[in-house]
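Using the sequences and the hints given, assemble the complete structure.
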Amino acid sequence: MAVLTVQNLCYGYAKGTPFEKAVLHDVCCTFGEGEIVAVIGHTGSGKSTLLQHLNGLLKPDSGDVLLDGESIYRSKAALRECRFRVGMCFQYPEQQLFESTVRDDIAFGPKNQKLAADEIDRRVKESLAYVGLRESYADKSPFDLSGGEKRRVAIAGVLAMEPEVLILDEPSAGLDPAGKKALLKLITDYHAQTGSTVIFVSHDMDDVAEIADRVLVLSKGRAVMSGTTREVFARADELLEMGLGLPEATSVMLRLRHEGLDVPTDVFTAEEAAAALLAFARKGAGV
Amino acid sequence: MKNEVLRFDNVTFCYDTERPEHTAVRDLSFSLYEGEFTCILGHNGSGKSTVAKLCNALLLPTSGTVTAYGLDTAVEANENEIRRNVGMVFQNPDNQLVATIVEDDVAFGPENLGLPREEIAARVDEALRLVGMTEFRKHEPHRLSGGQKQRVAIAGALAMQTRCLVLDEPTAMLDPQGRQEVMEALFKLKRELGITVVLVTHFMSEAVAADRVLVMNDGKLCMDGTPREVFAHSEELSAIGLAVPKPLEIARTLRQNGIPIDDVLTADELAQAFYNAFT
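Heads up: the protein sequence lines correspond to chains A and B, in order. Here the numbering used here = 1-based position in the first sequence + 160. Here the numbering used here = 1-based position in the second sequence + 13.
It should be emphasised that the hints constitute simulated quantities derived from the structure, not laboratory data. You can take every hint at face value.
Listed next, with one range per pair, are the computed distances between beta-carbon atoms:
(1) Gly172(A) - Ser76(B): 56 to 62 Å
(2) Asp186(A) - Ser251(B): 43 to 49 Å
(3) Lys181(A) - Ile114(B): 19 to 25 Å
(4) Gly207(B) - Ala435(A): 40 to 46 Å
(5) His155(B) - Phe258(A): 22 to 28 Å
(6) Gly444(A) - Ser42(B): 48 to 54 Å
Values in this document were obtained by computation on a predicted structure and should not be read as measured data. Backbone N, C-alpha and C fix where the C-beta goes; we use that ideal spot for every residue, glycine too.
The following block contains the structure:
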């Protein structure tokens, strides 16, 4: 069952000025309940613009966005409801922290939802736990935290609204390997515990291979591919042509295939690659 | 004898001397040499950006000395010459371009030196050529891609005839193509001009191609060697929050299972090694 459906969406920036630029052309896609979907594409392919339609931050020139089958633009009330149900975490969200304490910053969303004080309190605590920060962080100033911690506070602010759909625009950009790993775990944990739908943009194909169920590929404002992670990465040549990367493990297998070794190429993680090469070696050695 | 470009002698740096727990760099000593491509690795908060800023007197050591091309960075009179020789490029491409046209941005430094017009024009031409941005010289910087913006920032340093480039995570905010463009530009500068490059990064794949890798942890230098030497310590690296390149990880697993493959750093090397082992 699709939670979000994008129908024939067209959008251009700076309409009616000399800088007018069409960004999205007739995009159709669906996001199923409980899925983790990665949106990938070259810079300027329209990924962020598409995401900003999913909770009505932008209004399409034509086409529609449906939440549970109904247009999110049908009324102001519907739009407001959509913003509570679809939580959006922008790129570099740590730049948007503004309150004087971590607690107030996280509580900002729930307060706008007009929740009771004790419910807000519960959500602040729970969100901090989700992002792996101790409760003692609640009283700190967000500006005294490290970059990685700030990002987690910003994400906690979105989680506190308990969105059914969580959208993240390049959540792991700029983090070190350990920070990246922790962030991916945070996303998959939240997903496992709440069953919510997660939609994220990433340039790191290893991240995509690790957590996504399905991948949507945008190119020049069009949705050009959509399928399971396995199906999409199997079309390596087309991805490379679009200037996109591949998981590193897949690159290794493709190169071996290129050398004439009959190894499988639908391999996306280091563990899978090692296992596949091992199997190949044993077969070759007649073991 | 290799020429010393940068030298850290027992350098400690503390952002707030009243709170010594905020010490970012502790008793650091090392030298970097002319023409070397060095990567500084470390997790967030390990002190690597502080090291970058200490290189050209943007920060001054709390104790110890930093010497750039033989000049002490703590001596104010040396500042201009140090900044001219040691150029800096930061992480966010949007924070370091100042002009409304690419070529004006690149000309900003040399104009401040009061050079003659022709000399400035010649330097801008050459700098843009080196980073492959000549065709964009009349463009507005804010309409360029991230990788293009970073290359303009690098051109700005080249127009000052910088001999050493220090880059603080210049590719962290770029897409894969932008990253590749910047890395290619840096290797070209090293190759063609012999420029010394100091690259702070946490992309292991970038460190793989360097001449030398320094690993920082908790404000200290914990490893120093060629990429091959450093990545041989995979357990120590993961203990301090870093990863080893994926091809190496695969090679290790294969070797543990009896397939004779040496440590490799890139997908190409792994494919080659595996191919050789089986044909």
